[in-house]
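K.L.:
Listed below are the residues making up each chain.
Number of protein chains: 2
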Amino acid sequence: MVVASVDNLADERSKAQFDVGAMKIVWAGSKHVFDVTDRMARIVASDPEFRKDNRTTLGRKELFKNTLRKMAHVVKRANELRLTEEEASKLRFFVDEPGYLDLHWGMFVPAIKGQGTEEQQEKWLPLASRMEIIGCYAQTELGHGSNVQGLETTATFDPKTDEFIIHSPSLTSYKWWPGGLGKVSTHVVVYARLVSGGQEHGIYGFIVQLRSLDDHTPLPGIIIGDIGTKFGSGAYNTMDNGFVCFNRVRIPRNHMLMRFCQVTREGNVCLSDVPKQMVYGTMVYVRQTIVSDASWALSRAVCIAVRYSAIRRQFGSQDRGIETQVLDYKTQQSRLFPLLASAYAFRFVGEWLKWLYADVTERLQANDFSTLPEAHACTAGLKSLTTSVTADAIEECRKLCGGHGYLCSSGLPELFAVYVPACTYEGDNVVLLLQVARFLVKTVSRLAAGKKPVGTTTYMGNAEHLMQCKSSASSPEDWLKPSVVLEAFEARAFRLAVACARDISKFSTPEAGFAELSIDLVEAAIAHCEVIVVSRFIEKVQQDIPGDGVKEQLQILCFIYALHLIHKHSGEFLSTGCITPEQATLANEQLRTLYGQVRPNAVSLVDAFNYTDHYLGSALGRYDGNVYATLYAQALRDPLNDTVVPDGYEEFIRPVLKQTMRLSRL
Amino acid sequence: MVVASVDNLADERSKAQFDVGAMKIVWAGSKHVFDVTDRMARIVASDPEFRKDNRTTLGRKELFKNTLRKMAHVVKRANELRLTEEEASKLRFFVDEPGYLDLHWGMFVPAIKGQGTEEQQEKWLPLASRMEIIGCYAQTELGHGSNVQGLETTATFDPKTDEFIIHSPSLTSYKWWPGGLGKVSTHVVVYARLVSGGQEHGIYGFIVQLRSLDDHTPLPGIIIGDIGTKFGSGAYNTMDNGFVCFNRVRIPRNHMLMRFCQVTREGNVCLSDVPKQMVYGTMVYVRQTIVSDASWALSRAVCIAVRYSAIRRQFGSQDRGIETQVLDYKTQQSRLFPLLASAYAFRFVGEWLKWLYADVTERLQANDFSTLPEAHACTAGLKSLTTSVTADAIEECRKLCGGHGYLCSSGLPELFAVYVPACTYEGDNVVLLLQVARFLVKTVSRLAAGKKPVGTTTYMGNAEHLMQCKSSASSPEDWLKPSVVLEAFEARAFRLAVACARDISKFSTPEAGFAELSIDLVEAAIAHCEVIVVSRFIEKVQQDIPGDGVKEQLQILCFIYALHLIHKHSGEFLSTGCITPEQATLANEQLRTLYGQVRPNAVSLVDAFNYTDHYLGSALGRYDGNVYATLYAQALRDPLNDTVVPDGYEEFIRPVLKQTMRLSRL
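So the protein sequences, as listed, match chains C and V. Under UniProt numbering, think of the first position of the first sequence as 1, with each following residue one higher. Under UniProt numbering, think of the first position of the second sequence as 1, with each following residue one higher.
Just so you know, the hints here were simulated from the structure itself, not pulled from any lab data. Only true hints are included.
Which copy? The list can't say, so a pair holds if one copy fits it or any two copies do.
Derived BS3-like pairs (lysine-lysine); straight-line CA-CA distance at most 27 Å:
no. : residue 1 : residue 2
1   : K330      : K442
2   : K24       : K551
3   : K568      : K470
4   : K31       : K354
5   : K568      : K506
Pulled out of the complex, with its shape left as it was, chain C reads as follows (with noise of 0.2 Å):
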């Protein structure tokens, strides 16, 4: 069936109220990255090559060779078109499939880069920047997770012949979950206890050769393989994260990583100068990927649940006339509105991050750590709190597409799928979230010192105030002020950790009243965390952005995120004292006025987005509209349907109706 080129949303693009060219570039972050950006999701969304849409169809062997092929097919195309390192990263995004090429360029490198010496970075980078070899990280144990300090595998430096022994003491210490290692990496970088001289020195890579660069088999002492299907159909199945165990391997001195500590040939451990603080700087930069990720699949699913809602009517009509657009429906915008000011809210506090990372990096180079543990403790609960919004917020628009929500045709099931790891990896988002408590308890405990908090605690300078003050909205458009809505945030945060400080205290030791209150501490991170984004937020909109309209659309949503979570946190903000039922009262009327002003403006702070079909790979969410014929078309296209009469009724169904069962009875 052919899908005739219709617009059926043009009649909601005719009534935007914003030059959308305009906001497009304020999404991509400046005219070079929507360039770039916009260049390479073409490039993909034109080539068969990476057609998506039969995924969710097959078995898991068809499934990985599939991914194969397109991952040889990316390392192809980024050659023949030469692309930069920028473009390459922004294609292989488009491309959409999780495959060992993230590993090899998100994990095995970076991990050289920042841990290896300048000798091993001329070795090791040449080879993984050709691709000669394929590189993995391997972190994670059967039996470990959160806890890298309980890891098992052991690196126990052999001085008789200036080896590192690599090995599995246990079923527990087997490494799982890494990418890329259960089938293809021929290298890895496997995080072990080094163990020189009968002492142990903790936690470092080591590079560890897995398969013959011949044939491709698990060189001697590795017992290697993939660790099962995962989440959904299609989503992660399509890469092999696997399981490895070592049976005493050995490996040359030099594998180690030893940019932070040397081993020496006589088997001395000693720290370098590298202060380790480095590391530090790593795990800001990562997160921060993380937080700019959870923007892109947060608008990914916005975008489709917004454009299916203007599409899809439902009751509203009595007499068989036209129904009314799911999108005009309160109860609709109320769930999806704030998921559309999320996206935004979180687009530009991950814009904000680069920046934060940029400017750690630059400090750490001059020896100056003072930010460090602020900047950690921000770029820890962002990731936490932009995470676990995304991974919800996915699901929500699925069930708001309704029950074609549920088809892998709508991109959702998929999405989430693959999304939702987002969650546990790179830190447990309630072990991100204790971290942050802990650092704001002690921050707090700090100021009676007067010992001023910097960076993003900096409100908390101002304690007096803000235990005291009483928000002084008093009609709905007072909550349409920057300083009004600032002031009942921070006064809520501070005030949550003031009780957290007070509570603990009164226990025998700190960390037992750590342990009994986590379930509060939790709260107050995440109160200072709304703090962050909201205020990165307000900053945005108060900045000058060109374009017809798009600094009012933003400060719109700006305030409907805000006082979507005055009213989704509104215990907290009354048990403090932040605001009263009234004035919550209040919030609550001008966001539904908010709801109002955007709903004309909904499908175009969509298409600010940019997203070919491809990428949103969404017969609910195609740009044209089209829905229900693309529905149909790709039903056809289910290999179920490549016969009238299904392989399986001569044996299973037949039997059934002609009582043959029945008669094996007798």
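Fit chain V to the supplied structure of chain C, relying on the hints for placement.
P.N.:
Relative to the frame of chain C, chain V by itself:
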């Protein structure tokens, strides 16, 4: 790899402070139900034909065929074992795989029983119960879901031939979603607009034959197929959810289900004397089963998460000693124990709904419709509440299992994917809550006229007290008083409903008010539904319950359920003035104490569900706690591990490593 028999959870089990055997009976509902359930679960678990651990690795066609095989085996075993209807239904339940039998027995047969005349039942039910025909149920259309009145399919009476002409006038009118339709069913009950004498007469059901009973090919005028893959691997992809387009398909007049409405030979349409309200009785029945299913699904997820949280250890030790069980962390407890409590809460409210259905049926047969609207609202609300909570809870349990929860071998991804449609089918959850809210507002506005509220709204009769009361809680222990807890829940629900009624009256029309305030209405409806669940749970734990310590454990769970809701919705409890911030803090303190009390009993409380390892389908949730060896054994069974070097190496990996891709650039 042989998994050795161990009991890693023995220590946990030895700590139980109650009689687990007695709790099993409480959970099942009766000794009889326990026995039947236990026997059927074991029959399935011990039959290799019902293995399900390879389900997530299969492509669509293989997966579907595999299900056809299992369904035929179900029919065979049910015959061989001469199972009763009750037993056969449990057997199908434990096979735990969506398939056409669900629709045949769960929708097609009941539709004929409920809507067919006696004559029609005599004709069709024997055919169906011998499975000489296989039926399904087709209501939703590609463009029409919740709004049954918006259906487009027509059934036009042709008096010349005494036939109905079933017709799909547009693409959006194609029936879309019915399970069993795509590839298996020979017959369908299809809902269509009855047209006779050029006039429309509403929506009714018609039995249409779809496929030849000789060779299974679709009959003339019928275009039919599968709608494509759905959320998750395995999951509902075992089912042929289908579409069908009718091109003027003729059926005899007596294929219209005529219990409520008859069409005569002349084409006259006359309503029968069977009251239409009977239809609501069916809805009460169906939704009651959905609430019951919610407690199954939720308890299954909780069982997995609790057991694995007792096995898994993270952090908590400085010197490589044994790490802390994850279940000992307050953050884990505060996320997991409320879900454990909710599983029990939903189980008991589900049991109560069974009673309600019996009561309603009895009254309907005596032509007493007085309790029907309240019973209808109550079941609609509970369907919405329990399915929303359960869907979120399964995903939360998955996250609580850390990274391994993302593996299909954890059982949780598939459980989630199979469960979530419950939020959408049989009434979208938000639409249902709005119906409840409408009923509540009506109830409130009739109070002034002296109309006494009935059933679960009886508490609203106590209007004056509920508007004015202030909670008397002045210590954490006060929050263990049923009257204190109930009063807070009733006051909050009532005040929210009253506020809605008041605010709606400020709008020009009630409809405008309903539309604008729908967000508040949804919140009021949830508050009311929570009153129902809390009060049924309190009632339950006030009864005599046999078994050492059983009642005490249920009391703990009851208060965890209630107090975690007070925390979750503290904004509403505070803003309505039902409790003070100080009282909220006391409730939290009590909640933490309760978590400590449930901790030693947690594993035994999930043992009481009496789930077989087959039914759980989870390496993490195994009864013996032998988690890691099982994860490994499962991984080795993945098809990708059939060979050490993966299919695709020669074509797609070797050329990358050997730079053949690069060379193509020259």
